[in-house]
Amino acid sequence: MVSTTHQGRQTSAAPVASEPLAIELRGISKAFGPVQANKDISISVRKGSIHGIIGENGAGKSTLMSILYGFYKADSGTVLIDGQEVQITDSQAAIAAGIGMVFQHFKLVENFSVLENVVLGAEEGGLLKPSLSKARKLLKQLSDEYELSVDPDALIENLSVGHQQRVEILKALYRQADILILDEPTGVLTPAEADHLFRILDGLKEQGKTIILITHKLREIMDVTDSVSVMRRGEMTATVKTADTSPEELAELMVGRKVLLEVDKTPAKPGAHILEVENLTVVDDHGVTRVKGIDLNVRAGEILGIAGVAGNGQTELLEVLGGYQNGTGTIRLNGTELDLTGSKSDGQSRRARGIAHVPEDRHDEGLILEFAAWENIIFGYHHDPEYQKNSWIMDNAKIKKIAHEKMERFDTRPLNELLEAKSFSGGNQQKIVLAREIERNPDLLLIGQPTRGVDIGAIEFIHQQIVALRDQGKAILLVSVELDEVLSLSDRIAVMFDGKIMGERLPSETDERELGMLMAGINNGADGASEDA
Amino acid sequence: MQAMPKWADAVLIPLFSILLAFFFSGLTILAIGKDPVVAIQTMVQGAFGSTNGLGYTLYYTTNFIFTGLAIAVAYHARLFNIGGEGQVMLGGLGVALVCLAIDWPHWALALPAAMVGGAVFGAAWAFIPAYLQAKRGSHIVITTMMFNFIASALVGYVLLNFLKVPGSMSTESAGFPVGAHLPTFHDMLAPLGIEFNKNSPANISFLIALLAAFAFWVLIWKTRLGFEIRSFGASDTAAKYAGINPVRITIIAMMISGALCGLMAINNVMGEAERLIDNAPEGAGFIGIAVALMGRNHPVGIVLAALLFGFLYQGGAELSFWEAIPRELVVVIQGLVIMFTGALDNMVRAPLEKLFVLMRKKEA
Amino acid sequence: MDYITILQILDSTIRLATPLLLTCLAGLFSERAGIVDIGLEGKLLAAAFMSGAIAYVTGSIWLGLLAGIAASLTFSMLHGLASITFKGDQLISGVALNFLAAGLTIVIGQSWFALGGRTPPLSGAGRFGEWNLPFSDAMAKIPVIGPAYDELISGHTALTYVALLAVPLSWWVLYRTRFGLRLRAVGENPSAVDTAGISVVKLRYMALVITGILCGLAGTYLASLAAGFVKDMSAGRGYIALAALIFAKWRPWYALSATLLFGLLEAIGNRYQSIAIGDFVIPVQFMQALPYILTVVILAGFIGKAIPPRAGGTPYVKER
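Quick mapping for you: the protein sequence lines, in order, are chains B, Y and P. Going by numbering that gives the first Met the number 0, the first sequence opens with residue 0, and the numbers climb by one from there. Going by numbering that gives the first Met the number 0, the second sequence opens with residue 0, and the numbers climb by one from there. Going by numbering that gives the first Met the number 0, the third sequence opens with residue 0, and the numbers climb by one from there.
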């Protein structure tokens, strides 16, 4: 396994005596059953600074902040606010201690007005009117001060995501929070909205507020924080001044080894066009246009990687191709057009045409967690004649046998097809999905976030499988928000921003910086969107 | 990692829930100044002590197998069908219309026809709420509940205006022709030399109910349709990903549910009353909820739970006769069973899970 | 149809709408807090029984009222125990409570009074008296307005006026007070309430207390009106109230109109066995089924969509 490098660097964590500490955590530990989510964590954050906490998914960042906000009780350890030890037993206590939290999924009542949401839980007296008019005044004042303008009478459901986030910040400020925690705040924002958010945070910092920014994006840490703590598998591996570190160093601390996972692969030998997409547009259930007339193609024997910040239309692109959602435009597979609406546009029809789909969301789409592994391994292909005894009855014994073989080939552990999917680890669950999709020998594999929530050991195996499929001459469309993954796996990279393809690059001729610009919607090159490889 | 082995989940939890329900039922009997032990003796004696009692017990059991299976089919698709009562009523109408349509020469001809009639009417009554749920998003619980009342009004209207024998005082249809009378246990067992009470209502429908339970098992766990129903029930998003049509599954699952409810009418309308009477289901559609919950939506569990409720119904009748404890005691027990096996599941589950975790820790 | 007949029908509309209105408002508080309550019927029945029994034993309908509220509250708290504390299925809990009420009222009633589940008839102070509003006798002589005042507005029992007052009061509580804001919030997005530092559990229990009290009033009204408890006397009113609640889109003033409409349908159905419009005869069964049919139509979204509180029916579990 990976050698731990923690406790290697705690040097610059020691605060200077003249700067008072806003928050100090000492030896916080928290376990959920056998899982140690936080292990003996200590952090100090100076007043009036922006402190970043960075780590991979599942590193324990959110658990730590939930403890600070009173959602969980730590098994051990103490919390000091402004030098005083406090007992944060519930959210009420956290609010009283001056802590405000902006959750990743907003905690807003959709059909309430902005004012009502701001006031909720912090009303003064039994009647609403005085509180509402007080909040209205304060909102006016805050919006002038910090670029936090929102219409106080608008309903939340009619606001953009960026504006909803402002309401969350206003909620905290209305409660006179001095410490503001933001959990992955830019995950759902456009780059412009994110920039605006960072300006707001800077303004708050100047007013003496302390801000904790939780993220897994290195760029944000480098851009806005004063100091940063790195978490890995429940442990704090380092706390450093941002100015003294580099993204490379942080990345290494996050993962525990050199991150730029080099995938062993030979140069691609692209063949015929398998997938051709022209002018594809997707409007979601809420009437928002998610994909705005994109063109792309994938050839046999190549991996096209789609890079982009989450929420820029990649999900919907995969969903339309996989038959999960309707769209308009033209999609051709091996030269024949696919239906984008109607009964022949569902997942079943797509599979029949030779499209396999590893969805982004393994738990809600890719698997049925309560079903046994053998049932999951035919899920979506359960109409296949191979699995039937006769026109009605399925051949369960045969399916179990096939499932066992597939799981064995994909090194799934434990190798027991009778276990429910939920009792496998993330990596092994993904192997079950991959075994199902890849083993069908599809012409085109759609694969979204292949290694999200997957343990490091399994990542390599999964990457190898994807490359192996490519080498068999199959076309692969990869979507990942992990830029490293896209860079190391793809033979060609398209960057999506705001529902459009900002540009295409070859991995050998680009770098993180350039792709990052494209992901932010900035295109310096004069390339057309439908550039052919 | 699961907190509990599968067998504990399937057997131990329902068992504890039922024990709790019975414990509180016992308290109720004590509270009204009666002896629970005597009450149980009376009930067992009344339900199993004679072939007459046994016949009634099995007659009720038959009803509850049908409705229990019906609720369970819908539940596998995560649809809570509380419209069983209305679907049984409509099924009764269907069976009655078939039985009264011609002068049937023999029950062996009348029975399949009546089954079709009952199933089609029951399924049709379930179709509308299913369609509204699938296409318009109206909550199936509320619509099926409303459809119970609408069914009652509709069947009452048809009965009063079209089926009632002119001049008769009671709101009931004409008696069915002799050729539509189903063989009772007495008729079936006499050739084998087994004496079974002539007046008890248990009839051939019981065997059909058992067949239905077997068919249920095949459907849910062996067929593609069952696979899709269970998939849709476990995760509608995953089902959509797999290309399983939610509208189709919702409608099919509900129509099978309605058809099973409708089939019940061969037992109560055709087998027992031999005419259509007002409010024929007598709550069997609701008891199906308790039976399905207790039977964990598995046919074996459902047959056992139906037998338990059959025993309670027949035993309860005896109780009111001999012990002056009202029949409604059974309704109390039914409420308690639904409460403990359904709504208070976590109350029973949490301590048991803790116990298993503790035991495992000790082993380790 | 003459004027007096119309007045009589309207008068009986108010009588029939009163328990519906109280029950509908009861359901409104519960469902607005995110607890679906199909156990209204059971609470109504339990309250009717206990109020009837205690009013008979003590000779006072007011003590009966207290007992009715206590019975209904007990059921409401059981619902809370199952659906809030143990995070169970709210629908199943409601179904169970309806059975418990249907069974217990008879089992206890029979052992108590030995009248087949009935209570002995109530009389005198064992029932609510009709309140004659000031000048009703004097005004009765004034044509048109007089009889309307005398028949319609005056001469109901206290609970009818309580029910009517409960409508603006409910509206005020829901939309003008801190409690109302929190109650509505917890039915829409309990995690917003939780992260604001307010107890979801406490709020939901408080909503169920209100539900219990209002159902207690409704049940007592039934027992007083019928001068005693009889088996299954709620006769599906809990379900009609639920239908009215959907019809009313979970709003207090709409609840008043919905229950008045359903009360009117029942009043007409009670008075006429069938209604002939030209050659076409509307059967009485159709009138009986009409509230349910209308509710299904509303639910299907053919006439304006009824959107229930978003968090309804799901127990609140903190996210990890």
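No lab work stands behind these hints: they were computed from the structure. A quick note: this is a predicted structure, and the numbers were derived from the prediction, not measured. Note that the Cβ used here is the ideal one computed from N, Cα and C, for glycine as well. Check the hints yourself; a few may be wrong.
Only pairs whose alpha carbons sit at most 20 Å apart, straight line, appear in this in silico SDA-like list of lysine to any residue [stated by the list, open to error]:
no., chain 1, residue 1, chain 2, residue 2
1, P, K201, B, E369
2, B, K136, P, R177
3, B, K106, P, K201
4, B, K400, Y, W220
5, B, K139, B, L158
6, Y, K221, B, E369
Where chain B lies over chain Y, by a calculated footprint (3+ residues, C-beta under 8 Å) [as the list claims (entries may be wrong)]:
no., stretch
7, 57-64
8, 237-243
Okay, the hints, checked on the actual structure:
no. : hint            : result
1   : P:K201 x B:E369 : violated, 33 Å
2   : B:K136 x P:R177 : holds, 19 Å
3   : B:K106 x P:K201 : holds, 19 Å
4   : B:K400 x Y:W220 : holds, 17 Å
5   : B:K139 x B:L158 : holds, 18 Å
6   : Y:K221 x B:E369 : holds, 17 Å
7   : 57-64           : violated (count 0)
8   : 237-243         : holds (count 6)
Consistency with the previously given hints fails for numbers 1 and 7, ordered from lowest to highest.
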